[in-house]
Every structure is written in structure tokens, then in C-alpha cells.
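Number of protein chains: 2
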Amino acid sequence: MAPHGEGSEEAMVVQDENRKPISSILIVIAMQTEAMPVVNKFQLKEDLDPVFPKGVPWVRYHGVYKDLHINLVWPGKDLTLGVDSVGTISASLVTYAAIQALQPDLIINAGTAGGFKVFDLYGVGSRQSFSTPNLLKELNLKAGKLSTGDSLDMSPQDEASIVANDATVKDMEGAAVAYVADLLKVPAIFIKAVTDIVDGDKPTAEEFLQNLAAVTAALDQAVAQVVDFISGKCLSEL
Amino acid sequence: MAPHGEGSEEAMVVQDENRKPISSILIVIAMQTEAMPVVNKFQLKEDLDPVFPKGVPWVRYHGVYKDLHINLVWPGKDLTLGVDSVGTISASLVTYAAIQALQPDLIINAGTAGGFKVFDLYGVGSRQSFSTPNLLKELNLKAGKLSTGDSLDMSPQDEASIVANDATVKDMEGAAVAYVADLLKVPAIFIKAVTDIVDGDKPTAEEFLQNLAAVTAALDQAVAQVVDFISGKCLSEL
Chain A
107 MAPHGEGSEE AMVVQDENRK PISSILIVIA MQTEAMPVVN KFQLKEDLDP
157 VFPKGVPWVR YHGVYKDLHI NLVWPGKDLT LGVDSVGTIS ASLVTYAAIQ
207 ALQPDLIINA GTAGGFKVFD LYGVGSRQSF STPNLLKELN LKAGKLSTGD
257 SLDMSPQDEA SIVANDATVK DMEGAAVAYV ADLLKVPAIF IKAVTDIVDG
307 DKPTAEEFLQ NLAAVTAALD QAVAQVVDFI SGKCLSEL
Chain B
107 MAPHGEGSEE AMVVQDENRK PISSILIVIA MQTEAMPVVN KFQLKEDLDP
157 VFPKGVPWVR YHGVYKDLHI NLVWPGKDLT LGVDSVGTIS ASLVTYAAIQ
207 ALQPDLIINA GTAGGFKVFD LYGVGSRQSF STPNLLKELN LKAGKLSTGD
257 SLDMSPQDEA SIVANDATVK DMEGAAVAYV ADLLKVPAIF IKAVTDIVDG
307 DKPTAEEFLQ NLAAVTAALD QAVAQVVDFI SGKCLSEL
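For the record, the sequence lines run as chains A and B. 107 is the number of the first residue of the first sequence in the numbering used here; add one for each residue after it. 107 is the number of the first residue of the second sequence in the numbering used here; add one for each residue after it.
Derived from the structure by calculation, the hints contain no laboratory data. Quick reminder that beta carbons are idealized off the backbone N, C-alpha and C, glycines included. Watch out, some of these pointers could steer you wrong.
Pairwise CB distance ranges, derived in the manner of DEER restraints [stated by the list, open to error]:
| hint | chain 1 | residue 1 | chain 2 | residue 2 | range |
| --- | --- | --- | --- | --- | --- |
| 1 | A | Pro127 | B | Asp173 | 50 to 60 Å |
| 2 | B | Asn146 | A | Gln138 | 47 to 57 Å |
| 3 | A | Gln209 | B | Gly169 | 26 to 36 Å |
| 4 | B | Arg125 | A | Leu185 | 35 to 45 Å |
| 5 | A | Ala319 | B | Gly169 | 23 to 33 Å |
| 6 | B | Arg125 | A | Cys340 | 56 to 66 Å |
| 7 | A | Leu242 | B | Ala323 | 36 to 46 Å |
| 8 | A | Glu265 | B | Val269 | 19 to 29 Å |
| 9 | A | Arg125 | B | Gly338 | 43 to 53 Å |
Can you build the whole structure from these sequences, using the hints too?
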């Protein structure tokens, strides 16, 4: 029998947290094109009483699906240039602000990504501290290592780092969301649908745009399946 | 005489803000080695009642110098690896959280940086929307364009972008601080002391460490001069 020290009590509290049914999830998505199918699927409504500071372009949608409170945030359009605020800085800020305001039980970062030599449609990445073996098995999703960078194209230096770290999928936000989730101790999972093979023959931007609509539909389906799987479960069952 | 429409009143409010004496400044510094001389110079005290969320490594020092409330924040040591939390993500997060909690009139991002072919000791960068001509002239500081990247070394692609954009100084946080300051509408200035010439002969890491102590002393002096200059002035006088 284990001694009942301070460490054990803390461990038991953590275990209890993992055994409570998940009641609130935060979905972080970088692009409007990626976000809207999920918003429509779960009939989420745009926030009329913003939880974010005045003046920021960040957008929150929310609603209830089965027993889950769903919040979906995307960092909105750049105020100067009008394009989607992709990349690590806006992803880290909106994730931080949303965790502070909404205190979710679980974060799902969903989006499109580039793939490396592998032709799997999805890569589901998880932080080392949190894994989802049942979810992966039930939904027949592939697990992969995700690499994140602020450039859509890949420089030879980036490629060398990615290969050295055995990553198979490359996005522009995942590591930023993971950093903030880890900092604030919220479990996070990552659902990435592959738009283009970044080490293939076609130029990345062209291939990306060609595949975006089809891949977004696949992403939408994967997110819906994951949310359905999560409903009624606790963290330790994922 | 100009018509007294809504636009004019808004412009007048902004003008009034710029004519109030600056009462609160936020200094954002990424490395402990860079921060401590400034903390000591202004006899700042470490925060005992943290304004940041529980568990984050971010550190705040504060105090009063002449008529200025000074807050200095640095993102602290990485909780896993124990090294300074350098780079854009932690810089953007700690800047965001500090603006929310402290509502400063002006942000100063100070730190060491790499230089390009120019041998100026300092580059003071400012966002296009805010300039400090009097400060530059009075303190004999050089203005320069700052480029920010998460890598200490520079890849050929980074170098091409930096040259194309006519930047002369390269750091790892400035653009992240500028992004957040712009988002939340707080004027920001950037004081960078050059540690190494990144397109020179010596390897960057070696040159960086050799020069760090000397350059940090120069940075410390520049920050003290800038704070002295700011004291008693309003934004429009900088």
C-alpha cells in the first residue's frame, strides 16, 4: 500500500480531474475556411458579449452539443491586411485569452497541414503528457509528430530540423497552442488534415489552394467524429 | 475652422492622450542577464502578489522612479528546461498579459540583438505609427529597422528577407511585442544593443556570448537614459 503523503493526495486530485466527464471543450482553428464548417455542423453562435479585449479581431463561437459546452475561437482577420491571422503569435494569444476566459477541460487544435512523404489524410498529434489511445483506435486516425513553423514554404534548414525530429506533418500553429496549453496545464489534442506534400514536386501554395476545399471537408468530418467520441467521456477514457 | 463632427472629437481625445505626462511604462526584457541591471538601476522589487496566472514562469518587477511607475517583465525560465524563455511566443504572451493587468502608457522592449554589416552600438526601432524624433536626437541613438526571428542563427532564407526589407538589426522578440502593442493600441519603442554581426566571420553563438556582458552594460545605460528622457514628458514630446 502506498503511503498517504502530500504527493499521493496531489496525484489523486489529478486522477479525479481525469475521471470527471469532460464538460467544456475549446476548439482553436486558424482559418475562417476551416472554422465555418465546424461552426455550422454544431450550430454554434457568434459571441455577442465578447470575452476578449476591445479592439482585437478574435472571434468566438459557442453552443451546446449533447452534454458538451463547445467554444470555437479563431484569431480573425488581420486588422491592417484583412487576411486570416495565421501563425504562432496570434494562435498563442487567442489560446491564452480563451483559456483564461473559458477554463476549458480540453483543447482541440484543428486545421490543415502539410505532410511529408507520407500520404495519410490525418495526423493526430498529442503532447507527451497526454495521449488518446482509445480515440485513435476507435476513429481509425493516424498518430504523427507535428512540426510548426511561421512559413508556408519550407526552407532547407526547417526541413533538416523536421526530418531530424521525425515529424510527418507541418502546420503553422500547433506548437504555439501546445506551448500555451502546457503552460496553463490544460490537456490538448491536435487534429490535422493534410493539404499538400511539402517535399513533393508541386509548388506548395498551388497545391495547398487546390486541395483546401476537399481537405477542409475531411477535417470537418474528423472534428465531428472526435467531438462525438469525447461526449460523455472523461479525459482518462480518451 | 474644422467642423465639430464625431471624427474630430475622436482625434482630439487621441491628441489629449498624447499630451498627458507619461505616468506608467512597461519594460519587456527576454533574458535575465539583460533584465537584472535595469532592475538594480531603478531599484525595482519583485512582485509578491502576482498579476499573472498561477503556474506561469513570468516575473514582474516594479517600482517608482521620479514621476514614473515602472513595471519590468521577463518571461522567466522555461519550466521544463530551465533556460530563459526567449523567442516570440513567450514575448507575445507576457506582453499581452502585462498590458491587460497593468495598462501602461508606453512599452519599451529592450534587449540585445544581432547587427548586419553596420557597426552601430544601438538600433532604436519604432512602429510606423509612433516615432520618437526628440528622444533619438537628444540621446544620440541610431534608428534602424528591426527584424525578428525565433532562430539565433540565420538561415539564407531569413537573410534574404532581412536584406530585402532593409533591416539592420535582428532580435528574437521585437516583432512579437510590436504585434501585441499594435493589437491593444499601446505605443511601443524598441531599444536594441548589438551583440554580434550575424553576417560576419565568427560563429554567432560564440561571438554572442563573448560580447554579452559588455553589450548588456551598454543596453543598461541606454535604457536608463531613455527612461530619464521620458520622465515628465508626454508621448507627443518623445
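Verification of the supplied hints:
1. Pro127/A x Asp173/B: 50 to 60 Å: Since Pro127/A and Asp173/B have Cβ atoms about 55 Å apart, the given range 50 to 60 Å holds.
2. Asn146/B x Gln138/A: 47 to 57 Å: holds, 48 Å
3. Gln209/A x Gly169/B: 26 to 36 Å: holds, 33 Å
4. Arg125/B x Leu185/A: 35 to 45 Å: Violated, at about 26 Å.
5. Ala319/A x Gly169/B: 23 to 33 Å: Given range 23 to 33 Å: violated, Cβ gap about 56 Å.
6. Arg125/B x Cys340/A: 56 to 66 Å: holds, 57 Å
7. Leu242/A x Ala323/B: 36 to 46 Å: Violated, since Leu242/A and Ala323/B (Cβ atoms, about 54 Å apart) do not stay within the stated range.
8. Glu265/A x Val269/B: 19 to 29 Å: holds, 22 Å
9. Arg125/A x Gly338/B: 43 to 53 Å: violated, 59 Å
The structure shown violates the earlier hints numbered 4, 5, 7, 9.
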